[in-house]
Amino acid sequence: MHQILTGINGLDVILCGGLIPASAMLIEGPPGCGKTTLGVQFIVNGIQQGEPGLVITFEQFADQLYKDAYNYGWDLKDMERKKMLRIICTSPSTIKDHLLQSEGIIHNLINRMGVKRVLIDSISHFSRITEKEGPLRELLFSLINALKQKNITVTLTKEMGLKEEPSFEEYVVDSIINLSYEHFGESRTRTIEVIKTRGHDHISGKHYIKFNTDGITIYPRQFIIEVDNPTPFADYIPSGISGLDRMVGGGITPGTSILLSGPAGTGKTTLAMQSMYNSMVKNGNKAVLFLTGESPDSVLRLASGYGWDMQDLQDKGLFKLVYHDFTKLNLEEHIREIDLVLRELKPAVVSVDSLPPMLHNLNDNSKLITEKIYQLNNLFKAHRCVSFLIVRTLLGTDQISSYGEEEALCDGIVILNSKKYGHTRRRSIEVYKLRNQKHVTGECGMDITDNGIRVFYVGKGGKK
Amino acid sequence: MQELEVVRFGLLDGIVKNSLPYRTTWQLRGESGTGKSTFAFQFTMGGLRRGESVIYLACDTPVRNLRNDFTSFGFVISQYEEAGQLKFVESYESEESGVDFIKDASDVQEFIYVLAQLIDQMAKPCRVIIDSMTAVAVNYSTQDLVAMVHEKNRLLRKEGVVMLDLYLKGTLEETGMYGLANAYDVCIDLYYPEEKGGVPQRNMRVHKIRSTDFDPRPFPFSIRTGQGLVVDKKFYSR
Numbered sequence: 001m002h003q004i005l006t007g008i009n010g011l012d013v014i015l016c017g018g019l020i021p022a023s024a025m026l027i028e029g030p031p032g033c034g035k036t037t038l039g040v041q042f043i044v045n046g047i048q049q050g051e052p053g054l055v056i057t058f059e060q061f062a063d064q065l066y067k068d069a070y071n072y073g074w075d076l077k078d079m080e081r082k083k084m085l086r087i088i089c090t091s092p093s094t095i096k097d098h099l100l101q102s103e104g105i106i107h108n109l110i111n112r113m114g115v116k117r118v119l120i121d122s123i124s125h126f127s128r129i130t131e132k133e134g135p136l137r138e139l140l141f142s143l144i145n146a147l148k149q150k151n152i153t154v155t156l157t158k159e160m161g162l163k164e165e166p167s168f169e170e171y172v173v174d175s176i177i178n179l180s181y182e183h184f185g186e187s188r189t190r191t192i193e194v195i196k197t198r199g200h201d202h203i204s205g206k207h208y209i210k211f212n213t214d215g216i217t218i219y220p221r222q223f224i225i226e227v228d229n230p231t232p233f234a235d236y237i238p239s240g241i242s243g244l245d246r247m248v249g250g251g252i253t254p255g256t257s258i259l260l261s262g263p264a265g266t267g268k269t270t271l272a273m274q275s276m277y278n279s280m281v282k283n284g285n286k287a288v289l290f291l292t293g294e295s296p297d298s299v300l301r302l303a304s305g306y307g308w309d310m311q312d313l314q315d316k317g318l319f320k321l322v323y324h325d326f327t328k329l330n331l332e333e334h335i336r337e338i339d340l341v342l343r344e345l346k347p348a349v350v351s352v353d354s355l356p357p358m359l360h361n362l363n364d365n366s367k368l369i370t371e372k373i374y375q376l377n378n379l380f381k382a383h384r385c386v387s388f389l390i391v392r393t394l395l396g397t398d399q400i401s402s403y404g405e406e407e408a409l410c411d412g413i414v415i416l417n418s419k420k421y422g423h424t425r426r427r428s429i430e431v432y433k434l435r436n437q438k439h440v441t442g443e444c445g446m447d448i449t450d451n452g453i454r455v456f457y458v459g460k461g462g463k464k
Numbered sequence: 001m002q003e004l005e006v007v008r009f010g011l012l013d014g015i016v017k018n019s020l021p022y023r024t025t026w027q028l029r030g031e032s033g034t035g036k037s038t039f040a041f042q043f044t045m046g047g048l049r050r051g052e053s054v055i056y057l058a059c060d061t062p063v064r065n066l067r068n069d070f071t072s073f074g075f076v077i078s079q080y081e082e083a084g085q086l087k088f089v090e091s092y093e094s095e096e097s098g099v100d101f102i103k104d105a106s107d108v109q110e111f112i113y114v115l116a117q118l119i120d121q122m123a124k125p126c127r128v129i130i131d132s133m134t135a136v137a138v139n140y141s142t143q144d145l146v147a148m149v150h151e152k153n154r155l156l157r158k159e160g161v162v163m164l165d166l167y168l169k170g171t172l173e174e175t176g177m178y179g180l181a182n183a184y185d186v187c188i189d190l191y192y193p194e195e196k197g198g199v200p201q202r203n204m205r206v207h208k209i210r211s212t213d214f215d216p217r218p219f220p221f222s223i224r225t226g227q228g229l230v231v232d233k234k235f236y237s238r
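The listed protein sequences correspond, in order, to chains W and R.
With my numbering, the residue at position 168 of the first sequence is 168, and numbering never jumps.
With my numbering, the residue at position 65 of the second sequence is 65, and numbering never jumps.
Calculated from the structure, these hints are not laboratory results.
There may be inaccurate statements among the hints.
[Claimed, not checked] Here are the simulated lysine-lysine pairs, DSS-like style, with alpha carbons at most 27 angstroms apart: (1) Lys103/R - Lys460/W; (2) Lys169/R - Lys460/W; (3) Lys103/R - Lys420/W.
[Claimed, not checked] What follows is a set of in silico ranges between Cβ atoms, one per label pair, in the way DEER data are often shown: (4) Ala234/W - Ser72/R: 52 to 58 angstroms; (5) Ser72/R - Gly422/W: 48 to 54 angstroms; (6) Glu159/R - Asp325/W: 52 to 58 angstroms.
Here a beta-carbon is modelled for each residue, glycine too, at the ideal position from N, C-alpha and C.
Chain W extracted, bound-state conformation (with noise of 0.2 angstroms):
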């Protein structure tokens, strides 16, 4: 089936890839929500695959269209001396009588011009021509069908207070896009919900969209991860810990999620920033830490008091450490940041640091969080990168996750503890679970030095 590319960054994606041409889809949802900025942008990125477009608005008049849109890097007047853009501001009646009649101005110039996309903004402004739903559904099937046998595709914009019963709009067009605004925590954000699209797949549910310089950027809830030749890595990735090495049978399986669980001051960030230290500079390798609970200063201090200068691995683009604060996080976003950051560097190990802190603006929306690892999880995957995500859980509980869902999600279990014998404390990890590799179970004692952790295991127990 051929469909046509809206061009607007993730919506193709959740239009399972784009609209069918000669279609006609409605953009619905409350004041500045942006349905007005989605319909230029899809008009612009058609104007830059050579298919001219036409703007119908009886809200706005050009200039503040121009204005608006210049923010973006769209010179609309531009593309208008170049013939391939016409804004035409008017009124509802006067589109009505142009686009009804088959020799009028509208259609004289969508000939000559070549259009193939048209916007119209919006739709609200018929019912001051009558406000009778017979009537109204009947002009804008007219209208739609007049464009589409002219093989155009139509954006339609409409105000849209609460959420109503479905108007009969929606039965007209082909495909419904829904702008809303939903609160994260306490911060308020822009979604997206494709209601309906005829004859062609999307992913349902709402995905958060923003703003950026070069128009609106979404962010698919459960955007597909194609990864073009995955880097190569060993066939396992040594922590370069001999004892923990040994107990998984020499490493970890690139590609491999680890939950790496355990009471605070266990070891875990320690656990693994020395894996990651010792995968590139034993192996060569590359590592990225995923930073939202601990500040950087922190953590790299806590490197160097072991002696491993993170810095000057980041000096030399074997590391990086990327840094959120979580209050701040918007997750989407986040997400889409790992994937680019991961395209970019193709690290062997990543390090989340820790989960709860950037799951928190879920509001412990358990179904969200699940969903949330599970996309992190298939997102390393497709990098064949070992990750591992670092939880915190209560001392002395036999607790092993913080939400109970990412033991089921991830491959792999790592448990970090710590025990009282007598007076002292002695440290212990335990591999819980290593899907698909050969591993010793139950607690083996650790401690951690002045050059990192050791593992106190000498058999050969995991041998493959």
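Based on these hints, arrange chain R on the given structure of chain W.
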């Protein structure tokens, strides 16, 4: 059997009929003052002089005292230590002494791990001496100690490695000691026999050697500077 696979230790010549291979674990038990450490020094020197490497784990006394003890018995070790052929490990003092150490000798796993790492690093053949296991044993119940020693010997009994563990007799329950003997290939006792008047004479008795014949009778011995234990091997033929 190749030359390298045999532990050369003149002290047992004549008492043990055949040579003893590496990959064996030896237990030396003795009362206080019977010469266990001297035996261990001799075992150390025997290896060093043949070009073998030695790991000496000091659990009862600081390494600096041990070095003095070697010297006072007429054994010169400094050149071997400098060459890295002899390595002292300590579980008695803290890390300040500058030798490798075991932080917590009561932690079986750390204990075995540190020794395993060192054994891996040292050239083979290698003699490993633990002087003494008694200091380690006090941290365990008899049952746990037996399990710990079995685990240790299972994991550390490697090609080219012979281990000698010293035990102070009387500190552990006798019933436990029998279970312990199973973890060893060679068991030797040093003791004073019941006094029948005159100067007490130390005795050595080999009471177990796996897969070779030996003379199970007690042999009197004396301790001489520069030589260590000197066993009267002709005691029964006179």
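Structure-based check of each hint:
1. Lys103/R - Lys460/W: holds, 24 angstroms
2. Lys169/R - Lys460/W: violated, 34 angstroms
3. Lys103/R - Lys420/W: Holds, at roughly 16 angstroms.
4. Ala234/W - Ser72/R: 52 to 58 angstroms: holds, 54 angstroms
5. Ser72/R - Gly422/W: 48 to 54 angstroms: violated, 36 angstroms
6. Glu159/R - Asp325/W: 52 to 58 angstroms: holds, 56 angstroms
When the structure is compared with the earlier hints, violations turn up for hints 2 and 5 and for no others.
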